[in-house]
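Asker: As given, the protein sequences belong to chains A and B, one line each in that order. The first sequence begins at 0 in numbering that gives the first Met the number 0 and counts up by one. The second sequence begins at 0 in numbering that gives the first Met the number 0 and counts up by one.
Any given hint could be a false lead.
Beta-carbon label-pair distances, calculated as ranges [to be verified]:
id, chain 1, residue 1, chain 2, residue 2, range
1, B, 110, A, 202, 57 to 67 Å
2, B, 319, A, 153, 42 to 52 Å
3, B, 124, A, 33, 56 to 66 Å
Straight-line distance between alpha carbons at most 25 Å, and here's what the computed DSS-like set of lysine-lysine pairs gives [as the list claims (entries may be wrong)]:
id, chain 1, residue 1, chain 2, residue 2
4, B, 84, B, 104
5, A, 177, B, 333
6, B, 84, B, 70
7, B, 70, B, 177
8, B, 259, B, 177
9, B, 110, A, 174
10, B, 124, B, 62
11, B, 259, B, 333
12, A, 177, B, 135
13, A, 118, A, 174
14, B, 135, B, 99
15, A, 174, B, 62
16, B, 135, B, 110
17, B, 110, A, 118
18, A, 177, B, 99
19, A, 174, B, 259
20, B, 62, B, 104
21, A, 14, A, 71
22, B, 110, B, 259
23, B, 110, B, 168
24, B, 62, A, 177
Covered by chain A, per the in silico footprint, the following chain B stretches (three or more residues, Cβ under 8 Å) [said to hold, decoys possible]:
id, segment
25, 245-259
26, 281-289
Worth flagging that the hints you see were computed from the coordinates, not collected in a lab. Ideal Cβ positions, reconstructed from N, Cα and C, are used throughout, including at glycine.
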Amino acid sequence: MSASSSLPRRLLRLKVLKPLLFTLCLLPFINLFWRGWTNDLGPNPEQTVIWTTGLWALRLLLLTLAITPLRKLTGWAELARLRRMFGLFVFFYAALHFTAWLGLVNGFSVEMALRDISKHPFVLAGMTALALMTPLALTSTNGMIKRLGAKSWQRLHRLVYVVGVVAVFHFWWGKLAKNNTASPTVYALILALLLGLRLWWAWRAEQTRRAQALQNLAAESKRQGNNQGNSNSLA
Amino acid sequence: MSKRQDQGFEHPTSSEITPKEIYKDRRHFLAAAGVGVAAGAAALAAHHAQATPAGAGQSAPGKLAPLASQKNAALSTTQTPTPYKDITTYNNFYEFGTSKSDPAKNAGSLKTRPWTVVVEGEVHKPRTFSIDDLLKLAPMEERIYRHRCVEGWAMVVPWLGYSFSHLLKAVEPTANAKYVEYITLLDPAEMPGQNDPILQWPYLEGLRMDEAMHPLTLLTFGLYGEVLPNQDGAPMRMVIPWKYGFKGGKSIVKIRLVEKQPVTSWMRAVPQWYGFYSNVNPDVSPQNWSQANERMIGQGGAFGGLFAPRVPTQLFNGYGAQVASLYQGMNLSKFF
């Protein structure tokens with residue numbers, strides 16, 4: 000049995016997997032909507048909606064950032080096809096989170112919202128994360144990848160690392176208000192691991208490249224040395 | 000009480016399919032549901048009014064021991080009290096966990112009898128009171144106060160208690176008594192949240208002497224005609240209606256009169272955000288969110304009241320006429 004026909008990889012290739020995961024990603028929203036419909040959002044529905052959407056945006060963001068490391072560690076190339084869907088769900092929940100804040104907390108008053116953003120770095124951080132995410136969502140189509148070219152598209156989408164840092168910071172700062180930073184710390188550690196792995200791989204790739212370059216150089220100079228030796232002996 | 004039942008919308012007959020227009024016109028549907036809730040709430044309110052004995056205040060929910068009182072209408076708001084269920088299931092009481100629903104779940108382990116309260120420090124007559132002494136110290140009043148949490152939500156609570164000044168006068172403060180601090184029980188066995196060093200235990204809060212002596216400052220023993228549920232700070236707590244809710248220490252065992260301004264639990268934990276005064280103020284938000292407006296809890300409506308607008312927050316939570324003079328000449332942005 001070849002590596003590409005292992006059970007996990009065959010599962011990852013199943014046609015139903017994407018619709019299934021799509022539905023799973025939508026479940027927190029469906030649940031929230033159902034609880035609203037049945038008047039079951041708790042004593043403070045506003046807080047329930049804002050916290051739930053924000054938390055799921057963050058969870059799915061970490062999941063999105065986990066795809067590439069997971070793919071590299073396992074060799075399951077099929078994971079890559081799930082990444083865009085998770086990423087778009089991050090944007091979906093972040094947009095809901097923002098809309099709930101703008102509409103429910105600020106009554107859609109742009110003036111109030113701007114005052115809040117300018118006074119409170121915690122709010123500014125959330126806004127920054129959403130603003131940085133927006134171009135990524137807009138350029139997520141195959142057409143846009145083609146139009147931008149794979150290289151620049153990839154460079155643009157590295158912004159997601161910044162989004163990760165800013166978003167976790169937003170969460171951590173929000174919880175600091177109640178001196179309750181235990182769960183943001185867990186999110187921060189996971190993010191550090193996911194970004195750390197990338198740094199480590201990038202560093203190693205660089206080392207390999209340098210070693211290769213040195214080797215090439217050594218081989219080159221040896222060849223030249225030999226040539227010189229030959230020419231000396233000829234003299 | 001299930002809110003779900005109240006929210007129900009009426010079909011012409013149960014066998015008929017809901018008309019298409021109603022499905023189409025979601026706004027209309029939500030509005031209709033909202034009207035349904037309002038009507039349900041009105042019916043309930045009428046029912047409550049009938050059940051209330053003449054002359055008494057809020058009807059008791061019948062969950063805990065009743066606590067007799069006289070209503071103090073002069074110091075009460077005319078706003079409709081928040082449902083008992085919300086007041087007793089949506090609590091910040093870190094001694095029982097950090098989630099709002101934790102205190103109602105975990106506070107059963109607190110034993111409120113026997114209970115003693117030590118009053119000491121800069122007083123001529125230091126004394127240890129039993130909770131029964133304190134219940135009898137002054138006539139019990141019902142006062143319906145607005146309650147504003149620093150997190151941006153608000154309630155209206157029919158508290159039972161009497162002015163804290165009665166207790167302070169009983170122990171005769173000395174001339175050195177400039178501040179009063181009140182301390183919550185320290186007992187990790189009964190208060191499991193104290194195993195988490197999230198705050199420095201025991202919880203400590205305090206007031207300046209003139210704030211403590213103000214008639215609105217309420218030494219509180221009950222709500223909704225009954226003794227306090229554990230999750231709301233049984234058997235005795237403080238309520239200072241013009242300050243954020245966390246100033247109201249719960250399950251108090253010690254009161255100390257002191258010369259220097261106390262360092263409260265929240266000042267110690269996050270000093271840049273929590274000051275000693277913590278007066279409700281829409282224009283001052285040292286915390287990282289705006290205090291300009293507030294979400295009223297338990298208002299009902301479609302989606303549990305999700306789309307009801309927030310209401311503007313008032314300086315001193317609307318008690319400015321009574322307390323603004325305490326802070327004359329003080330920069331409220333500096334002394335937050």
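Asker: Indicate, hint by hint, whether the structure satisfies it.
Answerer: Here is how each hint holds up against the structure:
no.: 1; hint: 110(B) with 202(A): 57 to 67 Å; verdict: holds, 59 Å
no.: 2; hint: 319(B) with 153(A): 42 to 52 Å; verdict: violated, 58 Å
no.: 3; hint: 124(B) with 33(A): 56 to 66 Å; verdict: holds, 60 Å
no.: 4; hint: 84(B) with 104(B); verdict: holds, 13 Å
no.: 5; hint: 177(A) with 333(B); verdict: holds, 21 Å
no.: 6; hint: 84(B) with 70(B); verdict: holds, 21 Å
no.: 7; hint: 70(B) with 177(B); verdict: violated, 31 Å
no.: 8; hint: 259(B) with 177(B); verdict: holds, 7 Å
no.: 9; hint: 110(B) with 174(A); verdict: violated, 31 Å
no.: 10; hint: 124(B) with 62(B); verdict: violated, 37 Å
no.: 11; hint: 259(B) with 333(B); verdict: holds, 18 Å
no.: 12; hint: 177(A) with 135(B); verdict: violated, 36 Å
no.: 13; hint: 118(A) with 174(A); verdict: holds, 18 Å
no.: 14; hint: 135(B) with 99(B); verdict: violated, 32 Å
no.: 15; hint: 174(A) with 62(B); verdict: violated, 34 Å
no.: 16; hint: 135(B) with 110(B); verdict: holds, 20 Å
no.: 17; hint: 110(B) with 118(A); verdict: violated, 44 Å
no.: 18; hint: 177(A) with 99(B); verdict: holds, 12 Å
no.: 19; hint: 174(A) with 259(B); verdict: violated, 31 Å
no.: 20; hint: 62(B) with 104(B); verdict: holds, 15 Å
no.: 21; hint: 14(A) with 71(A); verdict: holds, 22 Å
no.: 22; hint: 110(B) with 259(B); verdict: violated, 32 Å
no.: 23; hint: 110(B) with 168(B); verdict: violated, 28 Å
no.: 24; hint: 62(B) with 177(A); verdict: violated, 31 Å
no.: 25; hint: 245-259; verdict: violated (count 0)
no.: 26; hint: 281-289; verdict: holds (count 5)
In the structure shown, a violation is registered for the earlier hints numbered 2, 7, 9, 10, 12, 14, 15, 17, 19, 22, 23, 24, 25, in ascending order.
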